[in-house]
Amino acid sequence: MKKLLIGNEAVSRGLYEGGIELVSSYPGTPSTEITEFLAKYDDIHSEWAPNEKVALEVVFGASLSGVRAACAMKHVGLNVAADPLFTLSYTGVTGGIVVCVADDPAAHSSQNEQDSRHYAIGAKLPMLEPSDSAEAYEFSKSAFELSEKFDTPVLLRMCTRVAHSQSIVDVGERQASERIPYEKNAAKYVMMPANAKKRHVAVEERMKALKEFAENCPYNKAEYADSDIGVITSGTSYEYIKEVFGDTISILKIGMPNPLPDKLIIDFAAKVKKLYVIEELDPIIENHCRTLGLKPIGKEKFSLLGEFSQETVAKAFNFPQKPIVKTDAEVPARPPMMCSGCPHRGIYYTLAKNKITVIGDIGCYTLGAVPPLNAVDSVLCMGASVSGIHGFLHGSPDAQKNKTVAVIGDSTFIHSGVTGLINIAYNGSASTVIILDNSITGMTGHQQNPTTGFNIKGDPAGKVDLESLCRAVGINSVRVVDPYNLKQCDEVIKEELAKDEPSVIISRRPCVLLKHVKTAPPLKVNADKCRSCKRCMGLGCPSISMKNGKATIDETLCVGCGVCGELCAFGAIEERNV
Amino acid sequence: MKTVNIMIVGVGGQGTLLASKVLGKVMLEEGYDVKVSEVHGMSQRGGSVVTYVRFGDKVYSPIVTEGEADYILAFEKAEAARWIKNLKRGGKLIVNTQEIDPMPVIIGSAVYPSDVLAELKAKGVDLDALDALAIAKRAGSAKAVNVVLLARFAKLLDIPEEKWLAALKDTVAPKFLELNEKAFALGYDA
Chain R
1 MKKLLIGNEA
11 VSRGLYEGGI
21 ELVSSYPGTP
31 STEITEFLAK
41 YDDIHSEWAP
51 NEKVALEVVF
61 GASLSGVRAA
71 CAMKHVGLNV
81 AADPLFTLSY
91 TGVTGGIVVC
101 VADDPAAHSS
111 QNEQDSRHYA
121 IGAKLPMLEP
131 SDSAEAYEFS
141 KSAFELSEKF
151 DTPVLLRMCT
161 RVAHSQSIVD
171 VGERQASERI
181 PYEKNAAKYV
191 MMPANAKKRH
201 VAVEERMKAL
211 KEFAENCPYN
221 KAEYADSDIG
231 VITSGTSYEY
241 IKEVFGDTIS
251 ILKIGMPNPL
261 PDKLIIDFAA
271 KVKKLYVIEE
281 LDPIIENHCR
291 TLGLKPIGKE
301 KFSLLGEFSQ
311 ETVAKAFNFP
321 QKPIVKTDAE
331 VPARPPMMCS
341 GCPHRGIYYT
351 LAKNKITVIG
361 DIGCYTLGAV
371 PPLNAVDSVL
381 CMGASVSGIH
391 GFLHGSPDAQ
401 KNKTVAVIGD
411 STFIHSGVTG
421 LINIAYNGSA
431 STVIILDNSI
441 TGMTGHQQNP
451 TTGFNIKGDP
461 AGKVDLESLC
471 RAVGINSVRV
481 VDPYNLKQCD
491 EVIKEELAKD
501 EPSVIISRRP
511 CVLLKHVKTA
521 PPLKVNADKC
531 RSCKRCMGLG
541 CPSISMKNGK
551 ATIDETLCVG
561 CGVCGELCAF
571 GAIEERNV
Chain V
579 MKTVNIMIVG
589 VGGQGTLLAS
599 KVLGKVMLEE
609 GYDVKVSEVH
619 GMSQRGGSVV
629 TYVRFGDKVY
639 SPIVTEGEAD
649 YILAFEKAEA
659 ARWIKNLKRG
669 GKLIVNTQEI
679 DPMPVIIGSA
689 VYPSDVLAEL
699 KAKGVDLDAL
709 DALAIAKRAG
719 SAKAVNVVLL
729 ARFAKLLDIP
739 EEKWLAALKD
749 TVAPKFLELN
759 EKAFALGYDA
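If you read the sequences in order, they're chains R and V. Once you know that position 275 of the first sequence is 275 in our numbering, the rest is easy, because the numbers rise by one and skip nothing. Once you know that position 7 of the second sequence is 585 in our numbering, the rest is easy, because the numbers rise by one and skip nothing.
Check before you lean on any hint, since a few could be wrong.
[Said to hold, decoys possible] Residues from chain R shown here face chain V by an in silico Cβ test under 10 Å; the list is partial: (1) 3; (2) 332; (3) 544; (4) 545.
[Unchecked claim] What the simulated footprint calls covered on chain R by chain V, stretch by stretch (three residues with Cβ under 8 Å from a Cβ of chain V suffice, anywhere in the stretch; the number is not a length): (5) 162 to 169; (6) 317 to 328; (7) 497 to 511.
Calculated from the structure, these hints are not laboratory results. Beta carbons are placed, not taken as given, at the ideal position from N, Cα and C, and that holds for glycine.
Work out the full structure, taking the sequences as your base and the hints as a guide.
Put into structure tokens, the structure is as follows:
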């Protein structure tokens, strides 16, 4: 049946039909929907793991037991899962393993633009790379067989434009996969030095066999047309090239970027006069061509940065620019921002007001870094706030020590903040860590996590008690505040910063976008009382703006959180029915 | 048939994704090859959002670049101005006259380009401006702006109204169907 599916749903359908029995993932844009769609199938086990390393290790265990399993993560998530990944390459699989990794060229929702193909090369694993939903479906469906045939995990590389673009998929039926009975095999699965050295031999032999396979596999295809121009490409770049050239040039489309097919590439290059390699991010195919003695035109014409488009290709080949209409008006930027009533705002306002240095983390609350709050000093990776503040305090003069906090969300804290907190307690720094507990994984679109009390299906589940967890690792001062109560936030933050011991402040209020959260009626500004001091504007609330010299509140956006009312010295912010 | 390029632009939270979903469904039913592209995540938090819808005999790229859009459906005025460079010569802009201040305007570091539609008109842009917010409110909810604009666009194509309504029914939650049908009817005949 033909359906219009986003790439991620196509992957989940392919994995489902391919016989997946278990999926374990940590959410991360643009990979999240792969797991969300798999969770809709009740005949397989699905779960949100605390982080990507746990997820991949769960998948390893499921494979060891003899069933097919997969996980999905964003590119930086694979950094977290890299430890099991590299040795899983040595153990190989029993039940097939597919590791879906979604890159984010242009960093639409990420802290960097890393290219996951380096992992396939580094860990010596086959990688598949679809260019649209139909391929995402086909490649995913066949990936388990590939995994079992070559005794290897298979990486499936997505990118934002494939993951979040819809195209037509002709879906089929689920194939039952037989569980492979578990047999103890220490030489294969106990990776201590003597065994690992032998398995390394197996890995190299497997890569040789995969290289042979790559020459004639269904994932790579050469389209021969005019011989003047030949382009080697992969992923979404293929679509842009076809958009510009149609069937008029020769194209070698690489659907399996590791290992690359040497003979296929050399034969293709020999048949064309001018050879190009067009690939987003790093010159992986291009550099490989150079090792084969070829001299393609690549990164000198096609950027290492960001996403491509048909325009990128058209420009590089000197097609005339399309006529456009431009406005003379200066269009203001519209950056993302914290929502009206966002519980993070009160904490950031307090931190900014007291000129606190904030070692930040990854989530919606990264948005505390943008104007007018400008409250965040650093954001590196998941968990780095808690580990980072400890090092920062050791290197800082005394005056800075009572002026610095780490800020991290509930899900990110469980992902990799708690290890940093153990380090703070163990190695003794007077760090103050603020956990923004909004009862959900927010930025990726509301996923449950171990602190919410619900599992991926929304059913009741084990719940981490954050206060007890923090105390258990050795933090004696653990306080809870309501971020809508500015006075309380101000007092508690000041008190905890003054202490000469580590402390945790849990700022607790659920994300205002959660369906079960009841919001208050919108507030209004009494224009007679408003003195135009703009103090409320310092919150950076999208509901508040200055109109005709007075503050006004947009009734369609305001959720009545009342934080602005606490700030107003003139009592100008009132309930609407007053 | 030549590929038709549509852009749906607006502000995170305005429901551009629903409009593209209905549009994609209709074109799939009509037997076209279809691609729809959107970006999730960070950009949804009140930021500028853009969705591309392309349909025709064979569609390769999922995105629409400068000078390529046959139609731009702008859910917000400043977003129309931001993306007008993507309109094809002879393309059509359907624009909601609603103004939503972005943060730089709210905090006073930038000015909202209120007069931009007059400028675009003077530059020869085929422009259909309407107060979709007022129409949506008449239908029963400010949130139905997306369906009002979709209906306004639907009327331009040679596809019967019932097909749009069927796709709408497949896409929205049953409890919001009546509201959305009303919004569609008002937008279609506006």
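- Minimum Cβ distance from residue 544(R) to chain V below 10 Å? With a closest approach of 7 Å, the residue 544(R) hint holds.
- Task: Check whether three or more residues of the region 497 to 511 of chain R sit with their beta carbon closer than 8 Å to a beta carbon of chain V.
- Result: Violated: only 0 residues of the region 497 to 511 of chain R have a Cβ under 8 Å from chain V.
- Query: Are three or more residues of the region 317 to 328 of chain R within 8 Å, CB to CB, of chain V?
  - Reply: Since three or more residues must qualify, the claim that chain V covers the region 317 to 328 of chain R holds, with 8 doing so at under 8 Å.
- Task: Three residues minimum, CB to CB under 8 Å: does the region 162 to 169 of chain R make the cut for coverage by chain V? Let me know.
- Result: holds (count 5)
- Task: Double-check residue 545(R) for me: the hint is only fine if its C-beta lies closer than 10 Å to a C-beta in chain V.
- Result: 5 Å, holds
- Interface hint outcome for residue 3(R) [beta carbon to chain V under 10 Å]: 8 Å, holds
- If you take the shortest Cβ to Cβ gap from residue 332(R) to chain V, is it below 10 Å? Interface hint status for residue 332(R): holds (4 Å vs cutoff 10 Å).
Checked against the numbered hints listed earlier, the structure breaks hint 7 alone; every other hint is satisfied.
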